[in-house]
Amino acid sequence: MPTIEASFTDLCSLIGKKISLEELKKLVSYAKCEIESAEGDLLKIEIKDTNRPELWSAEGIAREIRGRIGKEKGCPKYKVKKSKVTVKVDEKVSKVRPLTVCAVVRDLKIDENVLSQMIQLQEKICTTFGRNRKEVALGIYELDKIKPPIRFTTVKPEGIKFIPLDFEEELTPKEILEKHPKGKEFGHLLKDCKEYPIFIDSREEVLSLPPIINSNYSGKVSKKTKNVFIECSGFSFNFLIPALNAVVTALAERKGKIESVKVVYPKETIFTPSLEPKKAEVSIEYVKKISGLELTSKQICELLEMARYDVKLIGKKIEVTYPAYRQDIMNPRDIVEDILISYGYDKIQPVYPPIHTIGKIDELEKFLNSVAEVMVGLGFQEILSYTLTNKENLFKKMNLEESKIVEIENPISSSWSVFRNWILPSLLEFLSNNKHVEYPQKIFEIGNAVVIDETKETKTKDVKKIACAIADTKASYEDISSVLDSFLSSLGISYKLKPIKHESFIEGRVAGIFLEDKEIGFIGEVSPSVLENWKLEMPVAAFEVELEPIFYKE
Amino acid sequence: MAKYELTEEGKEYLKEGLPEKRLIELLISKKAVETQKASKEVKNFPIALKWAIENNWVRKEGNKIVLLKAPEKFEVQEALEKIEKGEEVSEEILQVLISRKLVKKVVKEEEEVRKLKGKEVAYLTPELIKTGFWREVKFKPYNVEIIGKKIYPGKRHPYVQFLNKMRQKLVELGFKEVRSQTIITEFWNFDALFQPQNHPARDWSQTFSLKNPKYGKLPEIAKKVKKVHEKYWKYKWDSRKASQLIPIGHDTALSPIILASKDLEIPGKYFQIVRVYRPEIPDAKHSIEFTQMGGVVLGENLDFRNLLGLLKKFVEEIVGKYEVKFVEAYFPFTEPSCEVLVKHPVLGWSEICGAGIFREELTEAFGIKVPVLAWGFGVDRLAMVKVGINDIRELFSRNLKWLREIPIR
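Protein chains in written order, with the numbering used here: chain A, 1 to 554; chain B, 555 to 963.
Derived by calculation from the structure, the hints in this document are not laboratory data.
Among the hints, erroneous ones may be present.
To be verified - Under the rule of at most 20 Å between Cα atoms (straight-line distance), these lysine-lysine pairs were calculated in the PhoX-like manner: (1) B/K897 to A/K25; (2) A/K360 to B/K692; (3) A/K279 to B/K785; (4) A/K134 to B/K795; (5) A/K456 to B/K795; (6) B/K673 to B/K692; (7) B/K765 to A/K391; (8) A/K134 to B/K788; (9) B/K765 to A/K404; (10) B/K778 to B/K923; (11) B/K765 to A/K461; (12) A/K224 to A/K145; (13) B/K765 to A/K347; (14) B/K816 to A/K360; (15) B/K659 to B/K639; (16) A/K360 to B/K719; (17) A/K435 to B/K704; (18) B/K557 to B/K636; (19) B/K778 to A/K461; (20) A/K279 to B/K639; (21) A/K289 to B/K923; (22) B/K771 to A/K461; (23) B/K955 to A/K435; (24) B/K955 to A/K134; (25) B/K584 to B/K597; (26) A/K109 to A/K224; (27) A/K88 to A/K262; (28) A/K226 to A/K255; (29) B/K879 to A/K25; (30) A/K404 to B/K768; (31) B/K795 to A/K360; (32) A/K456 to B/K768; (33) A/K194 to A/K156; (34) A/K518 to A/K496; (35) A/K456 to B/K771; (36) B/K790 to B/K780.
Let the sequences and hints guide you as you build the complete structure.
See below:
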């Protein structure tokens, strides 16, 4: 979720009304925002809608609020004049960054607030909506320093030199990728390219090396700037058009005049931006059905106007016109939500769904609870552990050879890098954390082990298991086997114990637990070398049993 | 005369016959038997041999035992029967029985307890009660103010108990529980929930992914989901990406599985309690493993007011009867969407649940025509308040002393 900073006074002046911070806190929810903090004049605002980049600036939030409080109504209109600026797109960019859409905005009066909102919006769009500049790289330039026509073409990594933003020396694109902080951060996006994309003007002055960095000459907007050129490059118009529209309409809120740019592709020519409002239709009945509200068509029309739609009632339907920056509207449902927001969630009377069904706990879950009750009856404390752990705990500390387990690709710490394939190590870890607590310690855990199973949709499977341990001065096989016996007998299970080899236990003091011919677990005295690995000084006797075979047998 | 009764061994011989009797019975038909064979066939063979030789009934010859003379009757055996019936036996036989520990003297309880008459006793015993002599003794008063020695009962984990109570509430409200799973394909976690493959919410930084195994299989429904994605989001859907495996990232990942199930009932109410995984840096508020409770309610004529009604009920039943506020929200899979804020006495206004009506594009892929209400409840902060801790990591506490001492609620 993007979080932006904005000035309280600036936001109020954009809304066009003097309001208190408390009032503002309520009003921003119309734009799906929440004020996280307010320090002096500086607000931190969290925006919940990741699909509406036009809301990620003070201008966009204010525009939304103005409709809801009756300052303005209906669809905002934007005039777009044709500029004389042309951008020629070279065939060669098709291999690296094939698309661009551009715009010009004139007559801006850029102050501190305008500048910071503009830069912030550009950054948020590139980071969140543009997925860290992969889908969208957006640059804003001082138009008066550019001599059109502009070309969007490619150069060899060492084929040109220019001064990148915030640098003093001329560098080649290759050097920028190596030396400039933005080059290091985003260079991977050009990793496999033989040539790099570049915006360059008719005097061979470089505008930028997208998606890495602007030039220091024209790619730096300041308070003195009056007119700007904006380019947006990437791979899909689905991303580029909303990104460009969000920026130009925000600048239009600051009284900038939008002009279109002629973008000449090898096979077609387009004019961007196009801010022609869009149209959709919604039926009165559908609005009532989804909202559950008894609304007249007049009321619905008013609520829509508050949400910045123009409306036209045609029989039982409403034809709506909405601004071009709303690229999120796919379905009449989206329009219904806007109606509900205008109505006010706080005014809606909740009604419990009139659906009567019979409830049911998952049978396995019920069984696991009965199992736990038996263990509690035998005097054991239930514990709970993470299912994520590490190979050291599962294998090395347990004297076992490594086997194939489920591993995390991007762990945040090596301590939690694999899923446990058995539970006893979690119990030993617990015991080693409680060496100074009174003994005997009798604990158990019921939970998932995750193992590889090629036959399943996920190539893995959860295995429900119980592990149980006694740590005491004389914790012996005899003690734990009588616990196992009362445990299994209580569940009505007859079983057999047969000697097995298991490196985690003392040889000759470990057995497999067999249900008919299937081995469902093991029991024994934990090997002193394993205890040493966990820095335990008390003997431990333990068992671990798979629970599903018992559940299905019952 | 003193009373005698059979010992455990005496009782066994009464039933099965004396060992020497059984040895003689074996020899009667054969006259001589190999020692090894006899020791196998006669229980308590060493005892049998000792007494048979002592009575001159048999003799050892090499590795054989030879019968000399079988007795006409076994006096000891008869004596056992008499004592059992309470009849008297001769002093001579009685001494043999006592020396062989087959009988013991019955101590008269009265004699023991009579000694206590008028005295102060420490314990009330079964003998005192049976004989009625408790009337003749005094009970020493204890210091009843002393607290007993600490013993620790077996207990459920408080967090598990919290989850079980919530589970019970939901069942009482008529919801069916759906089983969770740890590993899931990106398909269910994202694609089936109408989140396009290039959406920011799918960035690896927000879910873990698996190194091994890396790819799972896609269900039949994937073909329909692909169509819906390409139709509305206008991009080329990649089945390889959808089949990537991840630890389940949010509870709602199970909801499309419910919608795709053959057992789905309409109308229906389902819930799931899910351990979810996120690559968060652990601190007092964040944990890599935590729990969410989600689900769906589906049926004809459900609307947004019903969604709010459902959420209000959850808050009442699970959190408590506190003030509730619904605010605007965005989730890629619901429209309209909302968030639930509760004015909790400890936490203040806190966001505890995200919800909405599933988008029609989403339900279209599953062929579902009725509205589907969906929600995801973050239950851990509530659990923390109920359990009385301030650090989310302590829900998986490694502290045995705390677990032992925390009262059951």
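Taking the hints in turn, this is what the structure says about them:
no.: 1; hint: B/K897 to A/K25; result: holds (17 Å)
no.: 2; hint: A/K360 to B/K692; result: violated (59 Å)
no.: 3; hint: A/K279 to B/K785; result: holds (19 Å)
no.: 4; hint: A/K134 to B/K795; result: holds (17 Å)
no.: 5; hint: A/K456 to B/K795; result: holds (18 Å)
no.: 6; hint: B/K673 to B/K692; result: holds (6 Å)
no.: 7; hint: B/K765 to A/K391; result: holds (14 Å)
no.: 8; hint: A/K134 to B/K788; result: holds (18 Å)
no.: 9; hint: B/K765 to A/K404; result: holds (12 Å)
no.: 10; hint: B/K778 to B/K923; result: holds (15 Å)
no.: 11; hint: B/K765 to A/K461; result: holds (16 Å)
no.: 12; hint: A/K224 to A/K145; result: holds (12 Å)
no.: 13; hint: B/K765 to A/K347; result: violated (49 Å)
no.: 14; hint: B/K816 to A/K360; result: holds (17 Å)
no.: 15; hint: B/K659 to B/K639; result: holds (15 Å)
no.: 16; hint: A/K360 to B/K719; result: holds (14 Å)
no.: 17; hint: A/K435 to B/K704; result: holds (18 Å)
no.: 18; hint: B/K557 to B/K636; result: holds (12 Å)
no.: 19; hint: B/K778 to A/K461; result: violated (26 Å)
no.: 20; hint: A/K279 to B/K639; result: violated (108 Å)
no.: 21; hint: A/K289 to B/K923; result: holds (13 Å)
no.: 22; hint: B/K771 to A/K461; result: holds (13 Å)
no.: 23; hint: B/K955 to A/K435; result: holds (11 Å)
no.: 24; hint: B/K955 to A/K134; result: violated (52 Å)
no.: 25; hint: B/K584 to B/K597; result: holds (18 Å)
no.: 26; hint: A/K109 to A/K224; result: holds (8 Å)
no.: 27; hint: A/K88 to A/K262; result: holds (8 Å)
no.: 28; hint: A/K226 to A/K255; result: holds (11 Å)
no.: 29; hint: B/K879 to A/K25; result: holds (14 Å)
no.: 30; hint: A/K404 to B/K768; result: holds (13 Å)
no.: 31; hint: B/K795 to A/K360; result: violated (35 Å)
no.: 32; hint: A/K456 to B/K768; result: holds (13 Å)
no.: 33; hint: A/K194 to A/K156; result: holds (7 Å)
no.: 34; hint: A/K518 to A/K496; result: holds (10 Å)
no.: 35; hint: A/K456 to B/K771; result: holds (8 Å)
no.: 36; hint: B/K790 to B/K780; result: holds (9 Å)
The structure fails hints 2, 13, 19, 20, 24 and 31 (numbered hints given earlier, in ascending order).
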